[in-house]
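Participant: If you want the building blocks of each chain, they are given just below.
2 protein chains.
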Amino acid sequence: LLHVAIVCAGLNSSREVVTLVKSMLFYRKNPLHLHLVTDAVARSILETLFRTWMVPALGVSFYDADQPKPQISWIPNKHYSGLYGLMKLVLPGILPPGLAQVIVLDTDVTFASDIAELWALFAYFSDKQVIGLVENQSDWYLGNLWKNHRPWPALGRGFNTGVILLWLDRLRRAGWEQMWQLTARRELLTHPATSLADQDIFNAVIKEHPGLVQPLPCVWNVQLSDHTLAELCYLEAADLKVIHWNSPKKLRVKNKHAEFFRNLYLTFLGYDGNLLRRELFGCPSQPPTGAEQLQQSLAQLDEEDACFEFRQQQLTVHRVHITFLPHKPPPPRPHDVTLVAQLSMDRLQMLEALCRHWPGPMSLALYLTDAEAQQFLHFVEASPVLSARQDVAYHVVYREGPLYPVNQLRNVALAQALTPYVFLSDIDFLPAYSLYDYLRASIEQLGLGSLRKAALVVPAFETLRYRLSFPRSKAELLALLDAGALSTFRYHEWPRGHAATDYASWREAQAPYRVQWAADYEPYVVVPRDCPRYDPRFVGFGWNKVAHIMELDAQEYELLVLPEAFTIHLPHTPSLDISRFRSSPAYRACLQALKEEFHQDLSRRYGAAALKYLTALQRPRSPV
Amino acid sequence: LLHVAIVCAGLNSSREVVTLVKSMLFYRKNPLHLHLVTDAVARSILETLFRTWMVPALGVSFYDADQPKPQISWIPNKHYSGLYGLMKLVLPGILPPGLAQVIVLDTDVTFASDIAELWALFAYFSDKQVIGLVENQSDWYLGNLWKNHRPWPALGRGFNTGVILLWLDRLRRAGWEQMWQLTARRELLTHPATSLADQDIFNAVIKEHPGLVQPLPCVWNVQLSDHTLAELCYLEAADLKVIHWNSPKKLRVKNKHAEFFRNLYLTFLGYDGNLLRRELFGCPSQPPTGAEQLQQSLAQLDEEDACFEFRQQQLTVHRVHITFLPHKPPPPRPHDVTLVAQLSMDRLQMLEALCRHWPGPMSLALYLTDAEAQQFLHFVEASPVLSARQDVAYHVVYREGPLYPVNQLRNVALAQALTPYVFLSDIDFLPAYSLYDYLRASIEQLGLGSLRKAALVVPAFETLRYRLSFPRSKAELLALLDAGALSTFRYHEWPRGHAATDYASWREAQAPYRVQWAADYEPYVVVPRDCPRYDPRFVGFGWNKVAHIMELDAQEYELLVLPEAFTIHLPHTPSLDISRFRSSPAYRACLQALKEEFHQDLSRRYGAAALKYLTALQRPRSPV
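Residue numbers (the UniProt record's numbering), protein chains in the order written: chain A, 1 to 624; chain B, 1 to 624.
Bear in mind the hints are in silico, worked out from the structure with no lab data behind them.
Wrong hints could be hidden among the right ones.
[Unchecked claim] Taking lysine to aspartate or glutamate pairs in the EDC-like style, the calculated list, with each CA pair at most 20 angstroms apart, reads:
#, chain 1, residue 1, chain 2, residue 2
1, B, K29, A, E117
2, B, K453, B, D530
3, A, K29, B, E381
4, B, K29, A, D114
5, A, K474, A, E564
6, A, K29, B, E303
7, A, K69, A, E117
8, A, K29, A, D239
9, B, K249, B, E279
10, A, K474, A, E493
11, A, K249, B, E303
12, B, K249, B, E381
13, B, K612, B, E596
14, B, K29, B, D239
15, B, K249, A, E303
16, B, K328, B, E381
17, B, K29, B, E259
18, A, K474, A, E462
19, A, K29, B, D305
20, A, K128, A, E208
21, A, K474, A, E508
22, B, K595, B, D305
23, A, K612, A, E597
24, B, K69, B, E177
25, B, K29, A, D305
26, A, K595, A, D305
27, B, K595, B, E309
28, A, K29, B, E259
29, B, K29, A, D346
30, A, K207, A, E187
31, A, K78, A, D139
32, A, K207, A, D305
33, B, K29, A, E462
34, B, K328, B, D428
35, A, K29, B, E117
36, B, K147, B, D226
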């Protein structure tokens, strides 16, 4: 069992650390334990990620990076990593006292070999050595790079702290805390600040106590900066072990072999993390939380069951990376509403229009492969409209299995909504420009949540035309409706889905009006954030919203239609999944079976009150 | 420099071999030379693939597998690999006489380590040993698997020939050819046929001459069959080197650790092959053909040029895997027409409808990542409509760079069309049901190609409605046009593109009529296969077809509109690329620059005759 410690703070580092971990897991053949020192943001992201990743023989512990801050915040530091850059100095105090040895890594390193080979270097430490480091591969510490540049003291060109073997119990016994603090205080009398964060202090301590350091072979920290001397290292060794992107330019660094290194990095950036869920055989270790139960449930499935694929998909635990991109939580406002939706790659082009129509917070779940997640990142960065919005949270749910897990995606987006209310929408809809303001006003006026348990219905329309001049008001919408440029949603194919909204009343309505639940009703609604979750048994297409509305009704939510609210479905090419299944009788038979099971569960939970849903289901359908 | 020989025949093996090669290249640190013994189909696929892959320090030679057939075709063989399964016996005669040693691999193995480690095992051969093999990991040769099963003779459980170290010059000196033939002839007196192809014969020879074989460590050929004993091997070794999918069930094999092995295989299946173009530094080797020239051209580009991205994209050499899926070339017919088009993942759902509308041969270029190519394969396999069609050739062009290389894709599809005529279409169009037959009849009647140098124009229409009842005749089409359900293509946004087709004349026409070229004319045409190629400088969107039509006109193709032909554009969500660039002034400025350069080239090639295009370009455009 090998131990690895990483300091990780913020959204961007959380993304970086995943690539590092993938490269480590790809080559490893031993159980690993990660010790992650994180701020609250990184913790929430990485806890979710590792819990859902379920990698066998991988333990993860979290440590609060805010708590040891006072021990280092007195040190002035000019390095881009900020205060967290100094955190490695206090690791012996943060990590459990029983932990004797640990490998410490920066988030910007990539493995090209098995980490056990690195761990094996502890065996070469003399009794007095406590810290293993690779020499710097630039001339920074020689002080001759720039005029008037006076670096901190170091042995020769100093050591790089991107990869450290730390012998923790020896450090603790040697009085490490006092040692580095003394050195730092003394040097800060003549240096205004550290330039390279912890690295300056490590080097100054080593200069004073050269016996502490075990120099490591340079291949364990090949440093890629603009003027790196790394070539001297790997030309000899020809066997790269760990790459360190230690230039602030990261992947854009100019370097003779940059292309080679970038390819290695890109390999893991786009690598399907699900493939790392492989067991390490010959190596007993505790299975990840929930893994055994999951295995049992999967083993109980009947391969002959017509719904086998559906049930398997429902049980699939998808890796989830919440807040994948920069995001600022909305300020607490009592009537605020988050738009909740889900999408895959083929709907990215909806995002800009959606941002223009909905100026409020959004929580979106994206169903992507690892490689697509990177394309998505570039797409957002290239869009001025999207990159200007900090109130849209993107949650990546990694693809696995043949069916689109629509309700699982909705639940991820819903769970991450941070406002008291949510507008449960779909990605192909554009809301009225005024909807965000209007909803907040309506929520306040109606006393939703506190006074009244209600779901506010936003009437849905559709256009079959690409170049719709989007209506600016209800009056304009009604004119387009009369002109045939718009119709009520799915009027031709599936009127039951929205008939209960009662469009005739809506046309005349001046105030919110109540409607009754009806079979197959699936309106778009605004509800408090703590509303029931979607039923994850509905995967692929069909009945996923219907079941949710039924559950709202069972819990006695009033259905109130808002007279000025509307949202319009835009045309799109049918998705691959929907075309694949529209023609499949097996699919429809299975959906029927799932519906019946859902009704049974409903009866179990809500008793006699749920009978009406069963009756509605059994009533023969008359064509409308 | 390490040498590897692989026997590969047919389309499916060509796909398999790519995954093997990717795994080999991923771990290798030495120059490699591949010796590929192929039939004509595999040769044409793999020659194109390796030429366009441009992997540094990788040599490839081809050998005709049909030529040595007489040497082995007399051997009755029941193994699923057929005659090609016996080809390894005659490798010493096929490979160059100067080649002393070679590693021989089956197409169904996957590397999990550096092949140089395997090559190093030649050093352990005694003077008499000529062949290195791993023992079988099943009890097949013990003869106790089935009742009445009488295997060929072997030492113990025999050796597996999926991975062979072959000491060629020693084999040749030892009179290998006579040796195996003698043994085979003798054994065939009592055995009706070989069951495991070459493997039975190798084992029979070894049984007779045990001194020839150097047993290799079992990790170099971990055999994954249903009842494999492989576990005994790797539980000891814990370090897998080569996985062999030697069950006829391949990836669907049931096995305790199948999941682990599958993950390894899937890693390389979806691995971006472009990443393997990395240089091996510290290891001088000849650059791939064309690589130096390409480097020079790329180096000459000006990063400040507004068209830098376009020019870079134009110079990109995309990896091309022609006939990715099963395909039967159409029988030679003098007036046959192939539909030529290109697409990416977001248009897959068009393929079924296209197959219903066009019953003739198609040549389609698909712009995909390696992972998407696998999704595409599953998509076709899952579709009864698509998998029933053997006359549709799919050519995968692997994605690289930010712009869609539309004309490079068209040229790939065009180059692979096997009929004398081609219909140059786009993927969003559905042709009239009768078009295929009508075109062939028209080509014959008009004497196209031989008597007359002409391009037949197929008038283009569009609908903005998803649920169009597709017209069965010209009369039905005209009725829909009058009813407003159809319009002529791009009538509202860009009438110049098709105005020259003269829809008013078409309405009345009973016979083909000639039209004149006009600026910005871009009709869909039928031309002989040897027509000019598309100009690859036009990438992304804009002017890509216009330039081609201009070139047809410069080469004095008559433009003949067919009175009964039509094709209809279906609505679709705008592609990501088009939305990204529609709003970009830099894009439009660059397109203008590319147009001007194209005109200059046209003048250079066609002289004064090309002046009219320049004049047309400079004439101010009046709104239509």
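Participant: Which hints, by number, does the structure contradict?
Facilitator: 3, 6, 7, 9, 10, 17, 19, 25, 29, 32, 33, 34
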